[in-house]
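Undergrad: Here the protein sequences come in this chain order: Y, Z, R, H and U.
Per the numbering used here: the first sequence = residues 308 to 663.
Per the numbering used here: the second sequence = residues 308 to 663.
Per the numbering used here: the third sequence = residues 308 to 663.
Per the numbering used here: the fourth sequence = residues 308 to 663.
Per the numbering used here: the fifth sequence = residues 308 to 663.
Hint data in this document are derived by calculation from the structure and do not stem from the laboratory.
Careful: at least some of the hints might be erroneous.
Said to hold, decoys possible - Pair by pair, the computed Cβ-Cβ distance ranges are:
hint, chain 1, residue 1, chain 2, residue 2, range
1, Z, 661, U, 324, 53 to 61 Å
2, U, 547, Y, 551, 53 to 61 Å
3, Y, 640, Z, 636, 18 to 26 Å
4, R, 513, Y, 507, 33 to 41 Å
5, Y, 518, U, 324, 50 to 58 Å
6, Y, 366, H, 557, 56 to 64 Å
7, Z, 473, Y, 551, 27 to 35 Å
8, R, 384, U, 447, 47 to 55 Å
9, R, 428, U, 447, 52 to 60 Å
10, Y, 564, U, 338, 51 to 59 Å
11, Y, 518, R, 513, 56 to 64 Å
12, H, 575, U, 447, 29 to 37 Å
13, Z, 473, Y, 507, 49 to 57 Å
14, Y, 564, H, 557, 51 to 59 Å
Stated by the list, open to error - Capping the alpha-carbon separation at 20 Å, the derived lysine to any residue pairs in SDA-like fashion look like this:
hint, chain 1, residue 1, chain 2, residue 2
15, U, 660, U, 600
16, Z, 411, R, 542
17, R, 411, U, 579
18, Y, 500, Y, 396
19, H, 411, Y, 397
20, R, 411, U, 571
A virtual CB, placed ideally from N, CA and C, is assigned to each residue, including glycine.
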Amino acid sequence: MAAAKRLLKKRTGKIGIPPGSLVHVGEKRPGTPRLSAICYTPETLEEIEITALSRLPGIAARNGVVWLNLDGLHQVDLVEEIGRVCGLHPLVLEDILNSDHRPKLEIHDDFLFLVIKELSWDEVRQEAVTEQLSFIISPGRVLSFQERPGDFFDGVRNTLRGSKGRIRRMSADYLAYALLDATIDQYFVVLEKLGDHIEALEEALLQRPNRNQLQQLHHLKRELILLRRAVWPLREVISGLQREETVMAAATQPFLRDLYDHSVQVLDTVETFRDIVTGMLDLYLSSVSNRLNEIMKVLTVMSSIFIPLTFLVGVYGMNFDHMPELHWRWGYFALWGVMLVSVGGMGLFFRRKQWL
Amino acid sequence: MAAAKRLLKKRTGKIGIPPGSLVHVGEKRPGTPRLSAICYTPETLEEIEITALSRLPGIAARNGVVWLNLDGLHQVDLVEEIGRVCGLHPLVLEDILNSDHRPKLEIHDDFLFLVIKELSWDEVRQEAVTEQLSFIISPGRVLSFQERPGDFFDGVRNTLRGSKGRIRRMSADYLAYALLDATIDQYFVVLEKLGDHIEALEEALLQRPNRNQLQQLHHLKRELILLRRAVWPLREVISGLQREETVMAAATQPFLRDLYDHSVQVLDTVETFRDIVTGMLDLYLSSVSNRLNEIMKVLTVMSSIFIPLTFLVGVYGMNFDHMPELHWRWGYFALWGVMLVSVGGMGLFFRRKQWL
Amino acid sequence: MAAAKRLLKKRTGKIGIPPGSLVHVGEKRPGTPRLSAICYTPETLEEIEITALSRLPGIAARNGVVWLNLDGLHQVDLVEEIGRVCGLHPLVLEDILNSDHRPKLEIHDDFLFLVIKELSWDEVRQEAVTEQLSFIISPGRVLSFQERPGDFFDGVRNTLRGSKGRIRRMSADYLAYALLDATIDQYFVVLEKLGDHIEALEEALLQRPNRNQLQQLHHLKRELILLRRAVWPLREVISGLQREETVMAAATQPFLRDLYDHSVQVLDTVETFRDIVTGMLDLYLSSVSNRLNEIMKVLTVMSSIFIPLTFLVGVYGMNFDHMPELHWRWGYFALWGVMLVSVGGMGLFFRRKQWL
Amino acid sequence: MAAAKRLLKKRTGKIGIPPGSLVHVGEKRPGTPRLSAICYTPETLEEIEITALSRLPGIAARNGVVWLNLDGLHQVDLVEEIGRVCGLHPLVLEDILNSDHRPKLEIHDDFLFLVIKELSWDEVRQEAVTEQLSFIISPGRVLSFQERPGDFFDGVRNTLRGSKGRIRRMSADYLAYALLDATIDQYFVVLEKLGDHIEALEEALLQRPNRNQLQQLHHLKRELILLRRAVWPLREVISGLQREETVMAAATQPFLRDLYDHSVQVLDTVETFRDIVTGMLDLYLSSVSNRLNEIMKVLTVMSSIFIPLTFLVGVYGMNFDHMPELHWRWGYFALWGVMLVSVGGMGLFFRRKQWL
Amino acid sequence: MAAAKRLLKKRTGKIGIPPGSLVHVGEKRPGTPRLSAICYTPETLEEIEITALSRLPGIAARNGVVWLNLDGLHQVDLVEEIGRVCGLHPLVLEDILNSDHRPKLEIHDDFLFLVIKELSWDEVRQEAVTEQLSFIISPGRVLSFQERPGDFFDGVRNTLRGSKGRIRRMSADYLAYALLDATIDQYFVVLEKLGDHIEALEEALLQRPNRNQLQQLHHLKRELILLRRAVWPLREVISGLQREETVMAAATQPFLRDLYDHSVQVLDTVETFRDIVTGMLDLYLSSVSNRLNEIMKVLTVMSSIFIPLTFLVGVYGMNFDHMPELHWRWGYFALWGVMLVSVGGMGLFFRRKQWL
């Protein structure tokens, strides 16, 4: 059930509805979405919790940089109202609400629309959780839409509150960069967790393979397939930001290059992990084959030694009237001799074959 | 038999016939093809069922947007007549009739010719059904050719009937976009069904692999190979539409970009499914190997314990005249002791090897 | 032996000979090559069997379109003479004679030189037969060189003979197109045969895998590797023809686009077949593993039930003087009871493991 | 533990810190970093050990070429001071300190920033050790940052000390080339070690596969995955240097081309090694399967010969009152005859199957 | 040992030496290198064996075309002297001496420097031998450097000696082409040998797989990996020659195109061989699995038939005082009846399972 949701979010509700209609695709969450604004200039900073939508136009019209953040997408009319105030195309709103969207950058006339994935680590289920994060970036304005409240952006907020950080002194596009940077930093946390898993599993595999590890391997492989899907378009998105020159100021360019390096490294690490996990599957299969060989050797050695002996003692358990050996004085002991020699011969044979 | 049709539709009938000759390649269906037209302007809308071909030129010459839809391609002369009235090249008609054609976009001087696949889910056979859909798009005119009647376009028809939808207000190229969008929406329905299958099978595999699952896996893999073949050229087709500027109006461009995003996501999902199904095959094979190991352990443990014991009791079943042990007072019970010790030793040995 | 020829045609005879020397690389065939010409204008058509080479210059100088066709390349001087009359570069003649050449298009100043493969299906050996087909296309002249006589071009000849076909009305490049189209149509025939094979084999595999199927699978895979090699460069060749504008008239362009579509579909189908055959090999291997499991279950169940019983009856076959059980009134029947309980226990154990 | 560090260096300490903050990512090492300078002109050379940072500006301002080398990155303020004196962007310093960075070339207005990996061979753990090496190249100045002291650059230092080497006569960019060349030369040493390992393992595999080899194979594969990751971006970096024309003088170009050839060969060798190691895994698996067959043949032959015989002798160990054979004069000997014939028959059967 | 040399030629001796130093990397060979010259114009030809280096400048200054060929690279000062006379860059000489270099084309101001591999077939070790071949091509001059004397170029020499060959009439670049053509012709010889091996092995595999074939397969696979590495850059090299227009005359262009076709076909064949060998490994593994199944069937059938029978006869070998069956008149014969029925039942069971 839960796994099903991860492969493809149900969008069946959207089928047959005209394009541009606003429908939320994704998990419904309890609680009210939270809309907050931070308005700042190099000298001033104001944090506003927006509870009445009527305040929105006033805030959107302020001087300086305005950062509007929405936590929770399940209240469609709220998103619609924000879109109306900020003049967003219905298709943009549709994409913001469709939480199964592929990361992308759209360059509109007066704003940039950017969709990326935010990753976090679910300690309980031991897997990566992917959520959608959308940005609208225009001169002096940054809008961010998160699927659910998180602490990703707290670092950026703290830097903003201090009056000395670089963000306060720079334009809105640098704020957008800082938010993206915080998001991609989080990727490395998830990658480290996955890396730890991979290494622990590898250690275990080299010692003693068991069926449980196979399921863990499969789980890891699936995680990496889904992770790759989430981060693959990232490089292209950041590289598109680098080429954009209207909204993204020249002063932000070196930082975007740094972001680009990070996104390449994320991809690179995911690919390396995939290679390693594939190698571990081969290791697992080979180990299982090895163990089968070991088991069969024991069976073969036991059978090859005792089956002929059992035959021999069977011979002298027969009840024929005329069996001369039975009446020999040392017949019984001679037979033991023969059997010991036979065991010794088998032992030598198996040692030569290196089965013992 | 049925499967055979899916790999390659028989076109043997066409071999040796000069190019441009009209032959229907595909399944012959019963019933008469159904030709209908919807003519509309922002203010008016008329739906016409065309039963007499003689009406065709009149309808084609109307003002406003004319959407001509043909359900069923097996009546070659009907397609030929439509081609004659609308001035289509014989090679275009040939491609419309060849229902095994690869999706493509052809830009002609005065119209666009577009072939894509429509997907639906056959609940009985639990597999995707691919059918061909061709469009001729010219200013003010959209012609659509379906292999068999379906309800794909009913949503678009309903929006058209209502006077408020965006379609009525826009030009013919937007109608074409809406039809394409409805078609690609249907892809997601099929992908969801496949995703459900994959996840159910995965769940089952992790619990207990059996031969039936192997056949299901193979079936899924084959489905995905054929699906990929149907959707792979899609991206290129939509991207070609985006670059076209004569027929496709600028106002339709943002919608085409949306369509492009969808087509990329379809491809992306098919590739992810393929990766996951490949991983499941590995999981299956590893599980089978694991189970063989388990079976062999049971055999080996049973044999290694009882074969030596059988030998031992065989020894004292021999009929030699002189076997001192047979006459000992406690010989029988001593043997039981020896045998119990041997079983215990084996038990320890197998436990140390973790086979028990 | 026969297979050897297919991987690489022996060209050892050519090593050490200066470039441009004419040597036939390929199978020597019996019989005389057959050289024939068809000369036509929209109004007239003449078919000439050329037995004396002296007639060649006269025919080559005729008005209208001249199509010269040579069946059989094993008579080197004949090819040389044709080359001399038509002014072909020695390297072109060398390539025509080397029947192991890769498909290619060479654009010379006054003619196009085109090498492709013609495929046919050998019903006896159940495999595709690849032969070389070379074309020289210049304004008003088409030269075609076939390795051996075939009926590929009969359709084109028949259309030519009728005065109404499009070929008669168009220029020589359209004739070349028609010949290429006839050749590629033949590819679909071979692909259909292969598709039938694949599907029959798949059906058989799903029912009961055996060693014979493995050889068939290997045979199919090899066929597809060689087929792919023959058709892979095709797309590039046709696409080169499309870009050429001196010899290929604008009127032929839509037909070339159609041809290009066909060549893409051929490639696409070969790739799909390869994917499916690879999937079948996995299926085969998994089935074999499954059957091994099944076999081992039978062995393990039989052994695990009867080996302990055999031990038990062996115990009471011993000849110790003092074995109290032997003298019990119901000892024999009690033992049967013990044994039946043991069999029942084993049965339950194996049923719980789902081995029975 | 140790392996964990290699997949991904822990950068958790950096998460949530504003971009451009200087944090060392990598292994903390004991001891003080060592900063030294070599200042030279074609005629003079001075080597300076810099213990007081106050001397730095004076040295940086000298005439001729100045090469500043820092061994050890764990003292962040030292790197910061160097950055301040030489006017480096904070993001550049951040990258220098992040020892898990991907190789890259950044072209700044007045200097080049280059990150590559240096490889060395750990004889104890028999694996490649990757460390980061950063260069700042500007006209007349080369700064190099090493993770830990090494003797990689001693060859270059020696050439510098002699007054005749090409380095003394050329500009700073040639010094940078010489350092890069020394680094890449070291790659070949590591590749040779790996090559020796591969060949020794291959030799062993062809003789007798065992579980230990499997672990070595897995180890090798993992080494190659990580190595590939370190050297893959190298080609791009060197090729970027070749295209740069401000800092890199024309006279250095032929040497850069040589360097490029070397980097391509490193990549090429790593890929070849990967192919070979993959082939060895297949060989290992096949060998294990072969040995299983061999083991099973022994078991089957032994069982098939002795189990029927044991049955036979069991028959004549029965105690029925009426068993005529028991009383025949030659019954016992006749049975031996029957058993020998049966053994002979089995032997022939197995020989025909080539199991003996 | 020998194999080690093939993966990577030891260049350890070169590490730490300044770039441009001349060190021979490769196998040391006995004997003196042989330097010979052929000077020709369309009318005259002179062959000179150069034993005294002092003659070199005189020969290099002659009119017409001068072809200088050096067999053997192990005498570094000889190469150095040739470089001095002909004005070659030290890095070029370094590459000529490094016999482990990747094929490449370097375009210098007044000459082309070309490195390719020459292949020959070692009949004793049944493997391809790769050696380095370097060319310096300038107007009127061709220098060729071979690792050891060979008869590759004898065909070219013979053509030169005859006054009628095309080479005499054309410029030095055609001579270079002729030498390259002779080298690539040799590739086909090696490919044919490999093809013969592959086909013989395939034939054997389809009949009866054994361990020896596995080693041969591995050997073939490794050969193809190394071969591919040697020929992969070839296409790029030839294509670079085609684009070069200063040294390579227009008249040589059609011949270079022919050479390019050959190099593509070499690559193509190597890739096809790799595909086929990979398929053979699958075939081998499947065959081994099949045989295991066959072996296990024999074991299972034998055990399942005789183990229960042995139990039965054991029952009546017991010595209980009260075993009524033992005293029945027809007990013994009845038991035989039961046993025959049981064997028959088993036989039917196994036949239904198709194990017999």
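Undergrad: The structure should be examined with respect to each hint, and the outcome stated for every one.
TA: Evaluated hints:
no. : hint                         : verdict
1   : Z:661 with U:324: 53 to 61 Å : holds, 56 Å
2   : U:547 with Y:551: 53 to 61 Å : violated, 37 Å
3   : Y:640 with Z:636: 18 to 26 Å : holds, 21 Å
4   : R:513 with Y:507: 33 to 41 Å : holds, 40 Å
5   : Y:518 with U:324: 50 to 58 Å : holds, 56 Å
6   : Y:366 with H:557: 56 to 64 Å : holds, 58 Å
7   : Z:473 with Y:551: 27 to 35 Å : holds, 29 Å
8   : R:384 with U:447: 47 to 55 Å : violated, 37 Å
9   : R:428 with U:447: 52 to 60 Å : holds, 56 Å
10  : Y:564 with U:338: 51 to 59 Å : holds, 58 Å
11  : Y:518 with R:513: 56 to 64 Å : violated, 27 Å
12  : H:575 with U:447: 29 to 37 Å : holds, 35 Å
13  : Z:473 with Y:507: 49 to 57 Å : holds, 55 Å
14  : Y:564 with H:557: 51 to 59 Å : violated, 27 Å
15  : U:660 with U:600             : holds, 13 Å
16  : Z:411 with R:542             : holds, 15 Å
17  : R:411 with U:579             : holds, 18 Å
18  : Y:500 with Y:396             : violated, 39 Å
19  : H:411 with Y:397             : violated, 41 Å
20  : R:411 with U:571             : holds, 11 Å
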